[in-house]
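Number of protein chains: 2
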Amino acid sequence: MVVTFEPQDYLSEKAKSRSQSHFAVLDPETAPPGFKPHPSPISFHFGKPNEGFFPIEQIDLTLADFPFQNYLKSGITNGSLESLLNVKGRSDAYGQNQYTETNAEWEKVYRRGSGSDNKAKIPKKGASKDLIDLADGLQYSEYRGYPQLLNFTKQFIKRLHNPGYEEWDTFMCQGASDGLLKIADVLFNEGDIVLVEEFTFPPVLGQIAALGAIAVPVKADLSTKAGNDGIDVDYLSNLLESWGDVYPQYKGAKIKAFYTIPTGQNPTGFTQSDETRTRVYELAKKYDFLILEDDPYGYISLPPYSAPERALSLDQFLTIDEYLASHLAPSYLRYDTEGRVLRVETFSKVFAPGLRLGFVVAHKKFLNAMGKFQLLRPPSGTSQLIFQNTVEKLGGVDGFINWILKVRETYVHRKNLLYHHIKESDAYKKKYVDIIDPLAGMFMSVLIRIPKDEDQEKKMGLLTWKLIAHGINAVPGIKMASDKSFSKDNANFFRLTFAAAENDAEILEGAKRFTNGVEDFFNNDLNY
Amino acid sequence: MVVTFEPQDYLSEKAKSRSQSHFAVLDPETAPPGFKPHPSPISFHFGKPNEGFFPIEQIDLTLADFPFQNYLKSGITNGSLESLLNVKGRSDAYGQNQYTETNAEWEKVYRRGSGSDNKAKIPKKGASKDLIDLADGLQYSEYRGYPQLLNFTKQFIKRLHNPGYEEWDTFMCQGASDGLLKIADVLFNEGDIVLVEEFTFPPVLGQIAALGAIAVPVKADLSTKAGNDGIDVDYLSNLLESWGDVYPQYKGAKIKAFYTIPTGQNPTGFTQSDETRTRVYELAKKYDFLILEDDPYGYISLPPYSAPERALSLDQFLTIDEYLASHLAPSYLRYDTEGRVLRVETFSKVFAPGLRLGFVVAHKKFLNAMGKFQLLRPPSGTSQLIFQNTVEKLGGVDGFINWILKVRETYVHRKNLLYHHIKESDAYKKKYVDIIDPLAGMFMSVLIRIPKDEDQEKKMGLLTWKLIAHGINAVPGIKMASDKSFSKDNANFFRLTFAAAENDAEILEGAKRFTNGVEDFFNNDLNY
Chain F
1 MVVTFEPQDY LSEKAKSRSQ SHFAVLDPET APPGFKPHPS PISFHFGKPN EGFFPIEQID
61 LTLADFPFQN YLKSGITNGS LESLLNVKGR SDAYGQNQYT ETNAEWEKVY RRGSGSDNKA
121 KIPKKGASKD LIDLADGLQY SEYRGYPQLL NFTKQFIKRL HNPGYEEWDT FMCQGASDGL
181 LKIADVLFNE GDIVLVEEFT FPPVLGQIAA LGAIAVPVKA DLSTKAGNDG IDVDYLSNLL
241 ESWGDVYPQY KGAKIKAFYT IPTGQNPTGF TQSDETRTRV YELAKKYDFL ILEDDPYGYI
301 SLPPYSAPER ALSLDQFLTI DEYLASHLAP SYLRYDTEGR VLRVETFSKV FAPGLRLGFV
361 VAHKKFLNAM GKFQLLRPPS GTSQLIFQNT VEKLGGVDGF INWILKVRET YVHRKNLLYH
421 HIKESDAYKK KYVDIIDPLA GMFMSVLIRI PKDEDQEKKM GLLTWKLIAH GINAVPGIKM
481 ASDKSFSKDN ANFFRLTFAA AENDAEILEG AKRFTNGVED FFNNDLNY
Chain W
529 MVVTFEPQDY LSEKAKSRSQ SHFAVLDPET APPGFKPHPS PISFHFGKPN EGFFPIEQID
589 LTLADFPFQN YLKSGITNGS LESLLNVKGR SDAYGQNQYT ETNAEWEKVY RRGSGSDNKA
649 KIPKKGASKD LIDLADGLQY SEYRGYPQLL NFTKQFIKRL HNPGYEEWDT FMCQGASDGL
709 LKIADVLFNE GDIVLVEEFT FPPVLGQIAA LGAIAVPVKA DLSTKAGNDG IDVDYLSNLL
769 ESWGDVYPQY KGAKIKAFYT IPTGQNPTGF TQSDETRTRV YELAKKYDFL ILEDDPYGYI
829 SLPPYSAPER ALSLDQFLTI DEYLASHLAP SYLRYDTEGR VLRVETFSKV FAPGLRLGFV
889 VAHKKFLNAM GKFQLLRPPS GTSQLIFQNT VEKLGGVDGF INWILKVRET YVHRKNLLYH
949 HIKESDAYKK KYVDIIDPLA GMFMSVLIRI PKDEDQEKKM GLLTWKLIAH GINAVPGIKM
1009 ASDKSFSKDN ANFFRLTFAA AENDAEILEG AKRFTNGVED FFNNDLNY
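Going down the list, the sequences are from chains F and W.
Mapping the first sequence onto the numbering used here, position 185 (from 1) lands on 185, and the numbers just tick up by one.
Just add 528 to wherever you are in the second sequence, counting from 1, and you've got the numbering used here.
Please note that a few of the clues may not be correct.
[Said to hold, decoys possible] Subject to a maximum C-alpha distance of 25 Å in a straight line, what follows is the list of computed SDA-like cross-link-like pairs (lysine to any residue):
no., chain 1, residue 1, chain 2, residue 2
1, F, 16, F, 487
2, W, 647, W, 683
3, F, 121, W, 556
4, W, 986, F, 35
5, F, 365, F, 253
6, W, 649, F, 69
7, F, 459, W, 649
For the record, the hints were derived by calculation from the structure and aren't laboratory data.
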């Protein structure tokens, strides 16, 4: 028997009951016989102010050539590690004089002598078709997002992940959280089961609970042995096999989806291997659940740690072909031949969080259901117009990927710096800590080797305060556990991010404070 | 017995149960004895990319001096009505050549010889304290909005409406709809009653229903007699007095709020008089309900119709003092001595809808409850930074009010044009139509005098299609009825907006098509 996957079957009752209509729009089927539309109708119906009322006539964007370019301009010739580590404090990099200076050397190297400028002009009207002018971008817009962005994101996904079936599309949302909120809303009924990673992004748990659905954790494997990718697929397989025995209280409940952050996992930093993804997708088919792939960091692929030898090199970044062939982890979309995967992306990490802009990639029928969500608000038009005009100026899909590769290179350097300075510490040498080497993203988890006979939870709590007293803020694993009692003996780690630091020196200082704090704690017999 | 108004008592069960916490933040009460915070902590906890990763280095805004300035530049000397009516089509006003031209005359008149430019530069870092730089504006932000905007909106409300009690504050949201969604969420339990105007903004009804609350209509008085302001306060008073008799099925239910659009009502266009507001507020106190004041259009105050004599005059706008003394309708906040009023504003109509930016003004305890809404997303940072930098360049609170006065003047002119051309039509002279003269906003309702013995609903339906065939789209009243069966004999009107038209000529053409369509319909014995 061949069962055809049918997205409608997975919609929540609420989503199924919604109709799509606007009070200012008539149903064409109610037209009287003989009705003929007018060739050039006038709109007195929508309460939409003409663009002539907008107080802005033009926006000009000045783009960056490279992340942290002002900071880097001070050491353009790929200087020694020490020279960059000397830059301290937040104010140095953006001193006013330095900022407005034009650097001929810089122009030559980073614009590749192309002579193209780095300014994008956004006029009130008359932008070319891939751009968004102010008359459109500052106006009310479609719930799904501007056609220009829908087209861009579709080309972007095709280039990078090329889903294994035809009927997929994209849908703009206000960052990943908003996309996840809308997905949860159209999928989950009260009592539905959502499998989640043992440690995960807490707001999603809140959304699941708000809908009356039930989050059930999938065991994480936090060992640092080679090849471990964090997710215990055998555990998942056994759980599904013997569901009713493990969770008699949920026997017969619908397991609707597995929510996963497969690449640069938050908080653990793990990236699922191809084999893991293949096995998980097979389980999804066998047990008939959806995969909600949350991937905010995946484009930041990171090679295994190697000791940094010098300051960030600005002419070393990958070509797009190299990146696609051997660096970028595959989305679950690649394995998806049916439409069982709903992927959420955000531009927060590879462009800027303040845009509040991201998108969902999924089967059209799921996106249609999201489009009927009456409380839905489209993302800011201002954000969409700034995003679209920037990426087009960068050179469209490939230009944006090239920008991502520069961002990525910066993160590679930062990861190696942080890893290196922890590895060189006494705390590491004394085996108080161990590092999960992240192969993507912006988080590094550091395991704390508290002896087995100690009260793990209590000791981790004390150590957290110890670290704060040492001037370093990190997230203790238990704070991101989907079920605190399930994880109480598996949460001995801190999530550190190397995304926020102002410069290399701050990463070094952070690593020092962190490892000193841990050492201090152990030296004090695990007391504050 | 003196009963003190206590906002907490009005919160929904859901809102009461929420706590506010972020997984990366520790509760200070859990710190061990002897804990001392570090003087300069490093943040390895929040997954917040440093601003050095953002691809934009600078944004430059070019502001307008006046709405529709390019269109107006062609007739700067306040020409005859005929001269402006000759400008047709959407492309004329923003022809590329015309657009970039500098007009010395214009500079002299509209910048008042101040010599100040109309450019606002937004740097990556180092903006002065009332401005928002890119490092902040493109970053993750507080749920309540940027402090600069919270401060601006507070000063703005103080200047314009000066609430009658101390503990009020503002809260930024993604346009008015989002503010209303969040308010509804923190107030309404299943089964709560929300009084609504008979004709109102339909998405709010959807929000009320989604929470299981019940919208109950308050009769609208649509007569055009002098002094009528649309709301039948006697009806409301009697309804509350004899609640259990009128609605036995809702006897004992909590009447939680009255949702109203008091100024430039959508769709009717009415503006509640001072007397009405006083009486409604007294009823709110007596029957202990809240007032949800939705006011997207209220700043566009409109004097009673007078025949337009010439094209829009650009040097006639009101001073702020004149506007405050005798034009701006008072917010319910003025009457509010307790915190019973929750007001929602948007910048969609007086700045641009694409910002998706508005704010709520209410008692701090209500705003705190909104701040705990876990699914809440803050408005776009891009939008906030563009808004804030624009209004500061315009001159802060007073500068922005002056901009609003220019917008308002444009709407005054447009209303008079539309009213005039309907009034001069044969359809009006033959008494097929009557006009509700709006004293604020962007909507004008035109009543259709269908003879009493006809099937009103059916005839209005046919007329709607007739108008579409004539090339004019308008919203039939029934589409905005809160309860279609309640309103079936009171919905003989169309909502026309004069906001969207490209120019005066389009308003004239629209009025002509509308009245011709009506006449055609009546001449054809009320058949299509």
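Cross-check of the supplied hints:
{"no.": "1", "hint": "F:16 <-> F:487", "result": "violated, 36 Å"}
{"no.": "2", "hint": "W:647 <-> W:683", "result": "holds, 24 Å"}
{"no.": "3", "hint": "F:121 <-> W:556", "result": "violated, 48 Å"}
{"no.": "4", "hint": "W:986 <-> F:35", "result": "holds, 16 Å"}
{"no.": "5", "hint": "F:365 <-> F:253", "result": "holds, 24 Å"}
{"no.": "6", "hint": "W:649 <-> F:69", "result": "holds, 19 Å"}
{"no.": "7", "hint": "F:459 <-> W:649", "result": "violated, 51 Å"}
In the structure shown, a violation is registered for the earlier hints numbered 1, 3, 7, in ascending order.
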